[in-house]
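Trainee: One letter stands for each residue in the lines below.
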Amino acid sequence: MRVLYVEDNAMNRQVVKDMLDVAGASMVEATDAEAGLRAVQEQDFDVVLMDVRMPGMDGLTAVREMRKMQAPVCDLPVIVVTADTSPDLRERCDAAQANDVIMKPVALEELLASMGRVLANTKGTDIVLD
Amino acid sequence: MRVFLASMLLFCGLAAAVTPVIAQEPAQQTPSVSAFDEAIEAAKTEMMADPEKALAHSERALKLAEQQSDQSKDQNRATALWLKAEALIFLNRLDDASGIATEALGIVEAAAPSTKLHGDLLRSRGAVSAMSGDVQSAMSDYQAAFEIFREAGITRSQAIALQDLGQIYWEAGDYERTLNYYEQAVELYNDDPGFALSNHNNLGETYKMLERFADAEREYGLAIEAARELESPMLETRILSNLALVQVEQSELAKASATADRALALTRNGEAADWRNFVYGVQARIAYERGNRARAAQFLDQAFAGADFETTDLVYREFHELGAQVFDELGQQQKALAHLRAFQRLDSQARDLVADASSQLLAAEFDFANQNLRISQLKQGQLERDIQIERERSEFRTMAFVGVAVALMIVLALTLGALISIRRSRNEVREANDELTVVNADLEHALKAKTDFLAMTSHEIRTPLNGILGTAQVLVASQSIDEDNLKRAKLIQSAGQTMKALVDDLLDVAKMESGEVSVELAPTSLNAILREAGSLWGDKLAEKGLDFFEDVGELPATVETDGGRLRQIIFNLLSNAVKFTREGSVTLRAFHKVEAGQIAIEIADTGIGIPEDEQKQIFEAFHQVDNATTREFSGTGLGLSICRNLANALGGTIELSSAPGEGSIFRVLLPVIEVQSHVHESLKTPEALSDCRLGLIEANPMKQAILAGLVEPHAKSVSSMQNADQCISMIDNNQIDHVVVDAGSVASTQDDLPALRDLLAHAQQAKISTTLLLSPTGGLALDVVSQFQHSQLLLKPVAGDALIAALQEHYSTEKNMSGSNSLASAA
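As given, the protein sequences belong to chains D and V, one line each in that order. Going letter by letter, the first sequence gives residues 2 to 131 in the working numbering. Going letter by letter, the second sequence gives residues 783 to 1609 in the working numbering.
If you are wondering where the hints come from, they were derived from the structure by calculation, not from laboratory data. Warning: the hint list may mix true and false statements.
[Stated by the list, open to error] Keeping only pairs whose Cα atoms sit at most 25 Å apart, straight-line, the calculated BS3-like set for lysine-lysine is: (1) V:LYS1269 / V:LYS1326; (2) V:LYS1322 / V:LYS1272; (3) D:LYS124 / D:LYS69; (4) V:LYS1326 / V:LYS1282; (5) D:LYS124 / V:LYS1282; (6) D:LYS124 / V:LYS1578; (7) V:LYS1398 / V:LYS1361; (8) V:LYS1293 / V:LYS1282; (9) V:LYS1361 / V:LYS1282; (10) V:LYS1361 / V:LYS1272; (11) V:LYS1269 / V:LYS1361; (12) D:LYS18 / V:LYS1361; (13) D:LYS18 / V:LYS1037; (14) V:LYS1269 / D:LYS18; (15) V:LYS835 / V:LYS845.
With these hints in hand, go ahead and build the complete structure from the sequences.
Mentor: Quick look at the structure:
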């Protein structure tokens, strides 16, 4: 399981990296949206975790950019990870075609549950349990 | 003597100006001390320190004088009465003092007119008049006293009378005349250092008010010399501080700095040490004028180190004002607000001082010569300042920290409310209306600021919290640390969760205020929520040594409500009950009020209770029963506000009955919207995967999440478990119908196989279907495992669709089987 985490805050990246370590998934970091967009084009990932508020391009714009790219990037499952509590957040995420939203502080179970849900939804039953 | 002089000088304004005469009197003592003289002497000695005693001594002297028969009787009576009047002035019993002084004047005018005693008595009566606000009477008495002293050739007393007169003009704000009198006083008499100090300091203060800073500087210089002669570092420090502030006014910052350094050096020890913080305040002012805000902030922190902002002294008023300015400019809004609040408190204290004549002495003390002037100016300038304060208030938009700042916001909003009412009475209605508009706009700003602030804070606090909670969770989950450190990690986790709950609460309140409470009604099992609450809070209550009783009556199995929100209400109320109960019990009660069509959920405690007049307010946000309570029982006071809002959002209400000392009962009343119960269905075997409550055992969290995500759309519900024990308890509690078991998660080696075997046997016995996933390369012997009881066995790796298909097939097979069974029996 390969995860890309696009997040400007180093502490947040470390926390999620540790969590994914525990879960047995590997994580690649991108420190801003532009770097994230480069990474999805250059490497293969199973899921992308995306912060919203970042210097430069914001996370939701980055998701919209991804959706315009060629397959398989446009189909990559994206989970928005944010501390933004504004009431219209979910709507905005849906509009950007993100697959799921989880709130910071990130809880391990929530993160994994979201990843499981998103993977099952996007890859359907192509998943292989080993 | 030095100490006596020092305190005398501090009181040298107003009524206190009388006392130098007393202080200088002991020299005239006769060698043979009679009982009368002794009483007079004692009265003089005690005058400063303990006026009550002085009063008693003067009354004793009066009695002794009454018993005399010689010619000195009347004069002695008058002397005793004079001291009695003085003592009464010190005790602020002005009416009594006035009567006594008039009586004594009657005696002395007949027996010893135009003597020093006559003049002293006129000064006493003048002081009473001045303190009562009768300026004209005071003036005529002081002038008469001056004439008497002049004719008698007592220059020192003359000079004091001139200071009295100057004082009156000072209070009236006429500094030119004040200066006139003070200058005459200096010319007349400036011989002893105590007097010189008072003279020059008075002059310095007057020049300062006239903005003749160079002259003020010179006079303070002379006052400092006098203070040195008096060997009083305390007085020297105070005058040096005054000097430094005047030098700041002249932009002589280097000089001011040197002066302040001198003052600081003096405060290294002895009586002046008390003034060190004040000197830091002066240095803060200097640093600020030099444009060094950070340094100013440092000095301010030193000036107020360890200070309780609720109780700082009036002399620090200006430094609080400076603090509000400096910290605001530095963006440290929390500190700025604290200073602003203290400044406002002292400002209103200053106003009270004017109203309260006895406090005028105090007011005089804090700046030697008659701070009253400042106070009257303060009064005049109040309006401008109020507006200024409001302006500053509305600028405090970006806040630093949640609880404190929000609470302060509210306090300040209340303060503004108070200011409005003060000013309404003070001004014309039209003016008041104009101001109201301003204030309302500012209040709106404040409210908007609060909302913005909450949203921002929530974001800003969540980020560090992410680090705290996430790392703690990783530590706990990684199982790589020892027992002790695991405990610590759990502690961090729990503290972080508490903080997260607090942020969530604040956010909830903000949303409720803007009408954004979200409620999602769905069929909900009340019993399940109550059971969960009971088991969770039962433990917490036991930890605190409290009894917990549950009394749940017959309830509809399922009602239409928002389970999450209802849980939040019940948890909040239970948390409150635990918090405010020191001993006794907490009871969770629930019953169906069939006629009313309501469900009642009660949380009763034997805690501190709530007084009747507080019972309505406690549902307001941020409210807790009195401050003392807040200190003993920490919390934001948000819980009940949230509960009420949520109960309303669910179509219900909250009632409270409580008595202080006996406890409280919170009763949540919810409308019953009964829905088709699904409870009985759990008793029969599901006929399709979609009716099935599925359990999953997978130790690897990532795989577990994927597995859950995969089966979730196809099953009625999914419960993830990590080990066999969790599964067995779920089976026993009838919470699942079917379990998917990853064999390797239960038995990682051949040795663990019995655990797997027992689990499968247990499930089979409970008529729970089992789907066993086994990796042939995982180290478990296939031929052994396949012997265990199971409904299905799939070999890994297994494709997602293959698993779903297998599960669905299991049910269609079951159905067919049961169908064929019934067919068979029919045949």
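Trainee: Now look at each hint and say whether the structure bears it out.
Mentor: Results for each hint:
1. V:LYS1269 / V:LYS1326: holds (20 Å)
2. V:LYS1322 / V:LYS1272: Given pair LYS1322 (chain V), LYS1272 (chain V) holds - Cα atoms ~16 Å apart, limit 25 Å.
3. D:LYS124 / D:LYS69: Holds, at about 19 Å.
4. V:LYS1326 / V:LYS1282: Cα-Cα ~23 Å, so holds.
5. D:LYS124 / V:LYS1282: violated (34 Å)
6. D:LYS124 / V:LYS1578: Distance ~19 Å between LYS124 (chain D) and LYS1578 (chain V) Cα, so the pair holds.
7. V:LYS1398 / V:LYS1361: holds (20 Å)
8. V:LYS1293 / V:LYS1282: Holds, at roughly 16 Å.
9. V:LYS1361 / V:LYS1282: holds (19 Å)
10. V:LYS1361 / V:LYS1272: holds (22 Å)
11. V:LYS1269 / V:LYS1361: holds (24 Å)
12. D:LYS18 / V:LYS1361: Outside the cut-off at roughly 38 Å; violated.
13. D:LYS18 / V:LYS1037: violated (59 Å)
14. V:LYS1269 / D:LYS18: holds (23 Å)
15. V:LYS835 / V:LYS845: Holds. LYS835 (chain V) to LYS845 (chain V) sits at ~15 Å (cutoff 25 Å).
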